Every structure is written in structure tokens, then in C-alpha cells.
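Chemist: Below are the chains, spelled out letter by letter.
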Amino acid sequence: MRLFAKLGFAAALALGPAAATAQEEPIKFGLLQDFTAVYTFVSGEYNQGQQDYLTLVNEEGGIDGRMFEAIVRDTGNEPQRGIEAYNRAREEGAILFDFLSTPVSRAIVDQAMQDEVVLITPLHGRGDAAAGQTFPYVFPVMATYWSQAAILADYINENEGGLEGKKIALVHIDSPFGREPTPILEDLAEQESFEFRAFAYPSPGNEQSAVWSEVRRYRPDAVFIWGAGGGQSVSVREAIRNGISAENIYSVVWLAETDAQNVGVDAMEGVKRYEAVATGTDNPILSRMVEQVIEPGLGAGGEANVGSSYYNIGVATMAVAVEAARLAIENGDGPLDGTALKNGFEMIEDFDAEGLMPPITITTEDHQGGGFGRVARWTGEEWEPVSDWTTAYQDIVRSEIDAGAAEYSGGN
Amino acid sequence: MFYRLSGIHHTGYASAHRLWSVPADRWQVVAVLALALLAPLFVSDLYLGSYVLPWLVWSAAALSLSLLMGLAGQLHFGYAAVMAIGAYTSIHLAQAGVPFALAILGAGLTSAVIGTLFGAAALRVKGLYLVMATLAMQYLVDWVIVNVPAISGGAQATLRTPDVTFLGLPVETLSQRYYFALAWAVLLALFFMNVKRTSFGRALIAIRDKDFAAAVIGVDPFRFKLMAFLTSSFVGGVTGAVLAFCYYRAVTPEQFSFNVSIQLVAMVLVGGLGSVIGGFLGAGFVLLLPIILTNAIADLGASGWIDLSQNLMAHLPLIFYGAMIIGFLLFEPLGLAKIYDNVRKYFLVWPFRHSGS
Amino acid sequence: MAYFLELLVNGALVGLMYSLAALGFVLIYKSSGVPNLAQGALVMMAAYAAWAMVDFGLPLWAAVIAAAALMFAFGLLVERVLLRPMVGQPVIMVVMLTLGLEILLRGLVPGLLGAAPKPLDIGIGLAPVIVGDVFMNRAYLVGGVVAVVLIGASMLFFRTRLGTKLRAVSDDHVASWAVGLSVERAIAISWGIAGIAAVGAGVLWGSVQGVDWTLSSLLFPAVAVVILGGIDSIKGVFVGGLAVGILGSVIPGYLDAYAGGSTRDVVTSLIILLTIMIRPYGIFGREDIERI
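Chains as they are written, first to last, in our numbering: chain A, 1 to 412; chain B, 1001 to 1357; chain C, 2001 to 2292.
Don't read these hints as lab results, they were simulated from the structure. One should not assume that every hint holds.
[Said to hold, decoys possible] Distance ranges between label pairs, derived from CB positions:
#: 1; chain 1: A; residue 1: Val265; chain 2: C; residue 2: Val2145; range: 54 to 64 Å
#: 2; chain 1: B; residue 1: Trp1305; chain 2: C; residue 2: Gly2057; range: 26 to 36 Å
#: 3; chain 1: A; residue 1: Asp115; chain 2: B; residue 2: Ala1150; range: 30 to 40 Å
#: 4; chain 1: C; residue 1: Thr2160; chain 2: B; residue 2: Ile1217; range: 46 to 56 Å
#: 5; chain 1: A; residue 1: Asp115; chain 2: B; residue 2: Tyr1346; range: 44 to 54 Å
#: 6; chain 1: C; residue 1: Val2149; chain 2: A; residue 2: Glu164; range: 29 to 39 Å
#: 7; chain 1: A; residue 1: Gly411; chain 2: C; residue 2: Val2148; range: 50 to 60 Å
#: 8; chain 1: C; residue 1: Val2174; chain 2: B; residue 2: Leu1038; range: 57 to 67 Å
#: 9; chain 1: B; residue 1: Tyr1346; chain 2: C; residue 2: Ile2283; range: 53 to 63 Å
#: 10; chain 1: A; residue 1: Tyr218; chain 2: B; residue 2: Val1144; range: 51 to 61 Å
#: 11; chain 1: B; residue 1: Tyr1346; chain 2: C; residue 2: Gly2057; range: 21 to 31 Å
#: 12; chain 1: C; residue 1: Val2145; chain 2: B; residue 2: Phe1200; range: 52 to 62 Å
#: 13; chain 1: C; residue 1: Leu2156; chain 2: A; residue 2: Gly243; range: 33 to 43 Å
#: 14; chain 1: B; residue 1: Phe1352; chain 2: C; residue 2: Val2087; range: 31 to 41 Å
Source: prediction; values computed, not measured. Beta carbons: idealized from backbone N, C-alpha and C, even for Gly.
Only chain A is shown next, with the shape it has when bound in the complex (with noise of 0.2 Å):
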């Protein structure tokens, strides 16, 4: 046992310069992400963004010189795969993971935090770890969906002529994810009184008429639709082919251009979805993107995908990240590690990327960011704004996020 504490002491000693000389190492970035099974319709294309956004701030000169590094692998949704893949890119010296996949970021909650390495989940994972003070290391950095519920019942409030007497309908998937707003929305129907009810059509979402039959049957004023990937486009066929107005159709976050032409671009106008970041190529990181990235040919992927809706959802959790770092960088004295990065994620203030996203401000309580997004129409070619960015019965949230940060400090 004392030989090999002598070899580990000599190996470090070892070590000990190259460890000093680790500050021009590039700063990785584990982009573990599910490439082929559940988030196969998102992935990609989150994936390229992200990769694209890094190279683009390595051609315009790093961060005070420092570099970024991803490292990319296919988790297939396992988290004994995400365990490997984390502990492997841990030991290459990534700061900063980003699984985009609910099972394997909760199975790596603990360790994380426990290894001092950030964790982003924007749009994935615990909503209640916005709680910065029980989740120190995680950071959602997006609207919950507990918070994209209440900024689409707002919307409904504010420009639907109130939420009061209104019946509004959840049409979700049946699963943890599919059943998250229910708890947000009922509070609210009691705060706002409105009537809501719930509906859960079996995983993957393929097959739901017996549910809109159901759904018709209540005539509701609103309906929320609750699920992702293929599922999300049968559901708002189902709702039109049951007389339910396209206009009256509000999406979570996962709703694309893909589920677009997958329903008709031209049935699905009049949806509305949540979004957390601006869709299109129109925004000054996007055209210096296609500029130094895409055209020179760096581009991570397919070039139609710039400037899609998960696309840029990827730029944007990316530039949160650099600009993290950036503040970490500027305001640390020592080396670049999860935890300077961490207190540099908790120094963001009133970051938009140059309006890609909504401002948010993050701070050691809250890990969300303020809950920030805005409602966005299908227009039959784009998704167009038709509310700001704003945020909605964040106290409602917030006693969600408190409820579930307390329920974990207990064990769970």
C-alpha cells in the first residue's frame, strides 16, 4: 500500500509541470450527447450549432487565447454509456458537460457535483435544479418547462383575452417529461381561474386519435402539446383534424421546422410554440457564424441546418458557456477549473448573445437564469415572434423548484 502511495507521490511530482503548463491546453467542452436513439430529432443539430459556435470563437482568437476544444461522443440515451463518457472526458480535462438527455444527466447529478465540474441541462434534466444552493454545479441556463408553461399560459392571459373561464388542455406524452407542466398549470388554474385538464397518449406518440377524440369531446379554448420528435407532429395533426384551430395550438419548446413539414407547412400555420432563442440566420453571432464558420467550410454539419430552431438553441447554451468562461477568465486568479467556471456562470448578468436570447441573469439561488423565452407563430415559412422576451409566475416556479431542491436534499 505504501508503494504505491510513493509511486502516486512520484507520479505526481511528475505530473507538477505539466500541470503549470496546462494554462495554453484549449478548454474541452463534453458534448455527450444521444446520437441515435430517443433525441436522435434534436441532436444533431443542437450538436452542430454547439460545435460550430466554438469554432467560431476560435477563429476570432479564443478567449485572452485560450481555445476550445469539444469532445463529442454518442451516449445512445444509456447512462452507463453517459458514465463512461463522462469519467473519460473528465480525465481528459473537460470542465463542462452537457448530455442533452434526461436519464443519463440525472444519473450524473451527483458525480458532478461532487467532481466540481459544471453540468449544463438547458431544456433536459431537473427542473428543480435552478435551485443553485442545493444544485451548485448545475446549471438549466433555459426556461424550465415548468417556466415555458407559465410563459405560454401568460401569453393566453395577456393577449387571448385573459386566462379566466378559459378551459385549457394538456395533450402530453406519458412520461416523467410529458407530465412536468401539470403541477405549474394547476396552480395557475386556481390562481387565474381557468378550467384544466390533463391527457396522456402512450410513449412514442405515434398513434394518439383515441386522446383527441377524448380532447375534442372537452372543447377546449387552448391546448398545450406536451412531448417531442415525431409525437409532437402527430399531435398537432390530430388536433387540426379535430376541429381544433391551428391558432389555438401551443407547443413546448420542441416544436421545428421539421415537425413543420411534417404536418404541411401550410395546415400548421398559426401554431404557436415557447421559444428560448430566435430562429433564423438575422443576428449579428449568426451571420459572423456563416461568414468565418460555414463558408470558409468548418461547419460541424449539413449547411441547411444553420440557423434552425435547435441549431440555434446549440449556438446559444454555447455562448452562455464561452461567455461563462470569458467572466471566469477576467475575473480569477487561478487556473480555469469546474469550479472558476461555475462562479463564472454565476456572474452572467444581463447576457443576450447579441440578442440571440433573451437576457438572463444568473445568479447563486438561481441557476434558470430568470425563466426568460418568448411565444413564437408558424407562419407558414418561419417562426415569427409575436410576444418579447419575457418571464411568468416565476413565484409559482420558484416554489416548484424549491419543492423539488428540498425533496433532493432529503435523499431523493
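Once you've looked at the hints, dock chains B and C against the given chain A.
Modeler: Below, chains B and C without anything else, positioned relative to chain A:
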């Protein structure tokens, strides 16, 4: 030369039936065990925590399933559900303050009871129909877990394992958890090898080979099939608990999905039905191959050896994995255990090509 | 009442669309006794093939025909390369082999053609067909009709000369050999036809939900259809499809509100389990299943 067989002869049943009667085999077992015991000292945390540890737990799972599929010949495509029952039982018991040893026992018992209900279908049908019946049961168990928040653990559907001590020994750090999993895998392997030598094991094999022939010689298929399900589900439930406490340290429904059942069957088949070493080799193959392929392909891509789209690169491991399962079934249906056996036989008579007889 | 009728009609049509996925399974099992658990993956591959042809610029009808030709050839290939060496192996080996094929296809096809969902527009509008207060799903109506046509065609096919040979082969391999029928060719053709049936299922389901790998999960309802109807009966595919579709629509339609979740998969699982416990050979299956 490597296996010195001279002087090995049996003068009684006891010696003829002893495990590892050839000294060279004994030395190999001792060497592997010694390596396994010392592993935390010379294997880095990365490989210990994400390769060796899950390999041990999955080997235990493959052995538990092989008890049913390999020895008794009963197909089971819902074994992940059996393990899920064990994992959820143990975690709820442990959270309620029950000592870990008892929680594990409870996990085994609950799995045994529910798993034997699965087995009731085996009294009626076999072969393909048993595959379908167990598959349907997997879906039922999944549905119950996802739809009963009291089981799955509320809105986030995640239950974290509390820190536990097993009969006074803490099971917290990586090496502690490793040793616990190792102990369970070794225990299960020993149990498996010994079951084959008991009347119970022979009865199971008789039923596997032809059930009414077994009935004719006085082996009651009803009783022994149920007992096979009972035993296998018990150890499967305990393995589920070990998986939860030693490896994942949290339980979510996705950890025990239908895909995992398929993987377990693949482990047993690729390893070799009813073989202990096959259980370990098969688990290693099915569990680690996709991981190793993913890393190898990513490295090749990074070094510019292959220039493919990200999408195809991500799918390559899946392609190889499927192709290798097919390849095994086509070219070596007896699995990795048979390959091991061929190699061993080669060295058994080395430097000669064949044995004399 | 209208609610019940609507659940009934839409459920029946959906069930028929499940039958399309199940048809290939039965054809192969009937001729060779091989349970093809890769049928879902074949459906996915067929849908991808049709999408790729349309994307290439072919009109829909030509794309469907080309996809059918491709899938027929692929069926022959799979039989020749993978299944023929497995003759005489235990059923578990064959089951695992087809599962291995499923994994392979799920990697290969989306890997080459793209994993993100692809739209496949076959020109069926969204407007429902309304009879009284019953809204019928137009896409499912088309799907149901196509399913009935294909199932009917398969039944008629078994009355042709080639079909009679296939029936003989499915009855008794050795006797067929003895009278000079090529068992191998008959089995190969049944795989080819299963490939064509997969095109029907793939195009219709692909137009409803988009083309991606999740199409291969149609295997589960298809298995329920096959078990209930009888694993070697084409009549059974029709009746089983109707029953699985109707039960899977009507029961959740009334129960979901109380169960607090979607009960359709429970219904499907129970159909499989109860059939196996009560009448393992299904409604129309041949009763020569070895029992214990």
C-alpha cells in the same frame, strides 16, 4: 506443456466432480481473482468505475439470467423488469431505514415472488410464446413503475441511494462499491458452478433438454420450472439492488427498460448459454464493445483517418454491434465460451495438434 | 355513443395499419417458422427508402414501386445470407439473430440517410371525414383500405400456383422436398413479400409520424396483432389487427381519465398475455403448438 495432465486421475465421485481438477486451471482462477482483488490499486478510477465495476455487475446479471435460459432452457425477454423490482424494493427499504443486508434480501424476495408469477406463463407455453409473454410483462412492470409515483419517486422519477453499510462495512467509495460487486459476482459464479453439480441443476438440465422425457424419469417439470424462475429471479433481484447501490447510486425507470432486457439476452447468447465464463465474457462484450467502438471511432475521426459525417460516425458502433451479434450467431452459435474452450483445448495438448484418443 | 363509435372506427383503422406491419411477420413465420423480430426495422427501412426516392425527385407512385422492388430484393438477401445458415438452430438463436439485424438496420439506415425525422407527404389532407358526430381520421382511412387490399391480395396470392407451393412448404418442409418443391425458394419469396408489406406499413406510418427510427417500434403492436390473430394465419392478421386496434382505442378512451396515465400499452400487453395463457395459438392459428 501448459496444462500438465499427468498424474490427474480420479478415484472417487467427489474428486471427479470437483471444480477445476487441472492445476493449471486452478492457477488461472487464483491469478484472475488476485488481479480482481488488487484492481483498485493499479486500475485508474476511470477504468475501475466505468468499465470493471459495471462489467462485474452485468456479469452477475447475465449469470442470473443464464441460470434460467442456459440451465433450465426457459427464455426470458423481461429480465430487466425483474432487476428493476429488486432495485426499487431495495432502495425503498433502505430509505425507510432497513439495514442494507435486509434490504437486499427483501429485494431478492420481492423479485422472486413477482418473477415466479412471470414464470407461470412458462407452465403453459415455451419457446417463442414465452418470449412474447415475458416481453409483455416487461411492458407491464415498466408501466407500473412510471405511473405510480410512490414507486418511481415523484416528479423527477429519480430515487437516490442513501449511504449504507453492509454488516458494518461501508459501501460508499468507489473501491468499497467495487469490492461489494466483486463479492457478489464471485458468489454468484460459485453458486452457478455448484448448482450444475446438484440434483436441482441436473433436473433443470433434464427439463431443458426435453421436458416430457424429464417427467418420465420423475422430474416434475411444473415444480422445477417454477423453482428455476424463483431462484433466477431471486438472484436477479439482488443483482438489481447491487446495480443500483454499487454502480448507478440512483434509480430511474430508463435504467431497466426493454433495451436492457435485450442486452441481457444478448450477453447470455454471445457468451454461451449456461456457461460461467461465458457470462463474464458475454457481459463484457455486449456492455463494453459499444463504448470501446465509440471511443475508437471518435479517435480515428479526430486523427483524420476516416472522414465521415458526424451522424454516420455516431451510428457506426450500433452497426458494428448489430453485425457482431449476427456474426456470432452465424459463425459461433455456442458463443465466446466455446471460443475460450477451443483455445484451452489447443493449449491442453500443445505442442501436439490433437489429443491421442 | 358518438364517442364510442369514433373510438371504435378510428381504433379499427389504426388496428388495420398495425396489421400491415404484422403481415410480413406472419408471411415469414408461415413459410419458415422464423419469428422475424426485425419486421419493425424493415418497416423503418422501407419508409426511409420511399423518402429517399421522393427526395431524389421521383413521383410518389414511382418511389413506392422502387422501394417495393428494393425491399423485395433486401428480403431475399436477408433470407439467403442470414437465415438459411440458421436452419435447425434453436428458436432463441433465430430470435436473437433477427434482433441483431434490427440493431444493425437501426444503425445503418439512419446513419446513412440522416437520423432527424423526414417528412413523407402522400397527399392525404388533414380534414377529417365526418359522419354524424364521428370524426374519422382520413390518413387512417386510407391506411385501413390499403391494409385490407394488401391482406386480401396476400390471401388471393396463396391461391395462385406459387402460393399453393408456399402453402405446401409451410405445411411440411420434408414432404415438399419429396415432391420436388424448392423449399428454399419458397421461403426466400416469403421474405421478399414481407419486404413489400413493409413498404405499405412504412409509407403510411411514415406519412403520419414522419420517417425516423421510431418506426421500428411498430414491432410491439404488430406482435400483439400476430399473437392474438394466430401467428401463422393471414386471416388472423386481419381480425387480430381489428381487435388490437379497437381494444387499444376504446378501453383507454374510457379508462385513461381514471388511471391517470395512458393505458394503451397495458391493454396491448394484456392482450398478449391473456392470449398466450388462454389460447396460445391465437384465434386462427394452427393448433399444433407444442404444449407442456
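Chemist: Any hints this thing doesn't respect? Which numbers, in order?
Modeler: Per hint list: 1, 6, 10, 11 violated.
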